[in-house]
Amino acid sequence: MNLLGFFTRKSSAPVARERLQILLAHERASTGKSDLAAILQEEILAVIAKHIPIDRDKVQVKLDRGKDISTLEIDIEMPPLPAKPAKPAAARLTG
Amino acid sequence: MAKVLVVTSGKGGVGKTTSTAALGVALAQSGQSVVLVDFDVGLRNLDLILGAERRVVYDLINVIQGEAKLAQALIRDKRVENLSLLAASQTRDKDALSSEGVARVIAELREKFDWVIADSPAGIERGATHAMYHADVAVVVTNPEVSSVRDSDRIIGLLDSKTERAERGEQVEKHLLITRYDPARAARGEMLKIDDVVEILSVPLIGVVPESEEVLRASNLGMPVTLSAPESVAARAYFDAVRRLKGEQFPVVIPAEKRGFLGKLFGSRVA
Numbered sequence: 075m076n077l078l079g080f081f082t083r084k085s086s087a088p089v090a091r092e093r094l095q096i097l098l099a100h101e102r103a104s105t106g107k108s109d110l111a112a113i114l115q116e117e118i119l120a121v122i123a124k125h126i127p128i129d130r131d132k133v134q135v136k137l138d139r140g141k142d143i144s145t146l147e148i149d150i151e152m153p154p155l156p157a158k159p160a161k162p163a164a165a166r167l168t169g
Numbered sequence: 101m102a103k104v105l106v107v108t109s110g111k112g113g114v115g116k117t118t119s120t121a122a123l124g125v126a127l128a129q130s131g132q133s134v135v136l137v138d139f140d141v142g143l144r145n146l147d148l149i150l151g152a153e154r155r156v157v158y159d160l161i162n163v164i165q166g167e168a169k170l171a172q173a174l175i176r177d178k179r180v181e182n183l184s185l186l187a188a189s190q191t192r193d194k195d196a197l198s199s200e201g202v203a204r205v206i207a208e209l210r211e212k213f214d215w216v217i218a219d220s221p222a223g224i225e226r227g228a229t230h231a232m233y234h235a236d237v238a239v240v241v242t243n244p245e246v247s248s249v250r251d252s253d254r255i256i257g258l259l260d261s262k263t264e265r266a267e268r269g270e271q272v273e274k275h276l277l278i279t280r281y282d283p284a285r286a287a288r289g290e291m292l293k294i295d296d297v298v299e300i301l302s303v304p305l306i307g308v309v310p311e312s313e314e315v316l317r318a319s320n321l322g323m324p325v326t327l328s329a330p331e332s333v334a335a336r337a338y339f340d341a342v343r344r345l346k347g348e349q350f351p352v353v354i355p356a357e358k359r360g361f362l363g364k365l366f367g368s369r370v371a
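Going line by line, the protein sequences match chains A and B.
Heads up: the first sequence is residues 75 to 169, going by this note's numbering.
Heads up: the second sequence is residues 101 to 371, going by this note's numbering.
Where hints are given, some of them may not hold.
Stated by the list, open to error - Straight-line C-alpha distance at most 27 Å; calculated DSSO-like pairs for lysine-lysine: (1) B:K293 with B:K103; (2) B:K262 with A:K136; (3) A:K141 with B:K262; (4) A:K132 with B:K346; (5) B:K346 with B:K262; (6) B:K293 with A:K84; (7) B:K111 with A:K136; (8) B:K178 with B:K103; (9) B:K346 with B:K212.
Unchecked claim - Far from chain A, some chain B residues (derived; all Cβ distances over 12 Å): (10) A171; (11) R204; (12) G269; (13) E273; (14) D340.
If you are wondering where the hints come from, they were derived from the structure by calculation, not from laboratory data.
Ideal Cβ positions, reconstructed from N, Cα and C, are used throughout, including at glycine.
The following block holds chain B by itself, in its conformation from the complex:
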C-alpha cells in the first residue's frame, strides 16, 4: 500500500527541499520505490538539489493539464535506483494546480511507487494545502527558532483539519524533524532546546539534523547529503529518520557539541 508523505513547515528556508531530497535518497536506498514531487510551483528547486535541473522537460503542471503523460514527466535518478522526480513548473502561476488534477496525479503515483513524497512550498496558501491534502504521513521541518516553531504549529493545525484524512475523521501521522540545530548555541542557552520544541509542538521527534557544512556542500553539488556524505552526522540523522518512518522505534540521538578545552571549562557556567 503506497504512502503519501508531505514534507512541510510553514516557514520558508528551514530545509524542506533539502530534507525531501535527503529522505528520498535514504528511502530509495532502503529498497522502496520513491517519487519526489515538487509542489513549489513557480519557485522549483528540488530538481536543483537533486542535480536533475537540466533533465526537466515536462513538469507536474504539464501532467495536470494533460500536455504530457506522467511517464514522460518522471525523471529517474541516475545514481539511486528506485528514485524518481516530478518537477514543479517554473513559469506558471499557482492557480494552475487544481484539486482534481492533483488528486488524479497522486492516485496515479500511488499505483507506481511505494512512497510519494510531496515537497511543500512555504506558507499556508493553496500550494501548501494542495501538497498536504492527500498525505498519510507528514514530516514537519522546524528550526529551533521562534518564528519557525510558531509557523510549524499553524501547519500542524492544518494537517489536523484540512487534509483528506482529517475530513474522514482520521489522523495524518505526524513527525517532527528539527533541522539547522546548533549544539553549541543550544548549550549556551541561546537556542531553543530540542526538548522544548518537542514539548511545545507535541509531535513525536523523528530526527535532529545539525547545521552542517556537509549539507551546504551537498546542495552545491546537487547531491543530497545522504548520497554525498553518507557517514556525516546529518546524513545519519536522515537515515535514522527513514527507519522510523518505516516503523522502527529507537531513541533519537541529539547531536552533541564538540567541545574543546575552553568549552569544557566554561560550558556549564554560561549555560
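Only chain A is shown next, with the shape it has when bound in the complex:
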C-alpha cells in the first residue's frame, strides 16, 4: 500500500458493525422459532421411548431456516442392539 493509500484507507469497523447487525437480525429471527425444534424433539423422543429405552440426549433436532431453503435435521442415536437377535419386524406385521 502506498502512503496515500494509508491515509485514505476507509476504516473497516463500520463495515463490521453493519454486517453484524444484518446477520444477527436474521439469525435471531430464525433461532427465535427454535421452540418448534424443542417441541419436535420432545414428541419424537416420546414416540421412540414407547418402543425402546433411549437417552434424551440421543435425540437431536436442528431447525435451520434460510432464505431459500430451510432444513430440519433429526439425528437419533440408537442404543446398541441386545445380544439375541430380535424377530424381524416384517415377519410380525405379516404374521
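Dock chain B against chain A, hints included.
The following block gives chain B in isolation, referenced to the frame of chain A:
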C-alpha cells in the same frame, strides 16, 4: 445465598479461562469464598492459569462418578484465601458429564461457597450447556471482532432459553465483558467500538479489558493478572467488574490509547 456464575463466550480463545481466574481472585480478595469449576473436560486449562497444575489429584468427573469426595477434589489456592479450584478431567470424554451429576456437584458447592464460578468450554455443545444450566449470573466474554460477537449472540440466546432459570420463567443476570480491546485500532476505525458491541448484543457492560502484556505475563507465571499485576489496567478492569457483580453501579472506564505526538497529530484524521 450462594450464586452460580458462568463465564462463557461461544467462541474459543477470547479469554474465558483467563477472565475466570482473574475474576475469581478479585472476588475472593473482596472477602467472598469462591470456587472455580473448570467445565472444559478433555482440555482443562484453568489449573494452569491458576498455577495449580501440579496439584490436581481428583477432578470434576471423579466427583461426579463417585470416585472421590468433593472435599478431596477441591484445591485450595495457596496465595489467595477463600479461593478453591475444581479441575476438569484431562482424559475422559465429555459424555462423562451427566446432568444429574453436575446438578449434584453444583448443589454441594452452593452450600460451601458464596460464589461458584463455572468456566465454560467453547462451543454450544453439551459441555457449554452443562456449564451454563445452573447459572444465576453470566459473564459473556467477547472480543470486539465479528465472529466473537456473533457467537456471543448465540450464547446469549441459549442463556435465555436453555438454563434452569429460563425454564422457570426467570432470567439469568447477564453481563458483557469485552476483552482483548485495542484502543489504538479502535481509534483508527479498525476495530469495533465498545458502544457498537454493547448496542449489538444489548447486554450491560461489566468491563473492558485491553489486550495487554500483563495478561500474557500472568498466564506464563500461573498467576491471574489480578494477583500478578494488581495495578495494571487489565487487573483494575477485573476488580471493577467484581464490584459491579456485587451490585455496585458506576460507569465503565474504556481504556484509552496512549498517544504519542504523531498519534495526536494524525489520530482524528484517520479515524
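Taking the hints in turn, this is what the structure says about them:
1. B:K293 with B:K103: violated, 31 Å
2. B:K262 with A:K136: Distance of about 15 Å is within 27 Å: holds.
3. A:K141 with B:K262: Roughly 26 Å between the alpha carbons, so the hint for K141 of chain A and K262 of chain B holds.
4. A:K132 with B:K346: violated, 39 Å
5. B:K346 with B:K262: holds, 25 Å
6. B:K293 with A:K84: OK: K293 of chain B and K84 of chain A at ~15 Å, within 27 Å.
7. B:K111 with A:K136: Holds. K111 of chain B to K136 of chain A sits at ~20 Å (cutoff 27 Å).
8. B:K178 with B:K103: Status holds; Cα separation ~23 Å.
9. B:K346 with B:K212: Given that 27 Å is the threshold and the Cα spacing comes to 19 Å, the pair holds.
10. A171: holds, 30 Å
11. R204: Given a closest Cβ separation of 17 Å, the condition holds.
12. G269: Consistent with the label, G269 of chain B stays out of reach of chain A, its closest Cβ about 14 Å off (over 12 Å).
13. E273: The assertion about E273 of chain B holds, with a minimum of 20 Å to chain A.
14. D340: Consistent with the label, D340 of chain B stays out of reach of chain A, its closest Cβ about 25 Å off (over 12 Å).
Hint check: violations occur at hints 1 and 4; the rest are consistent with the structure.
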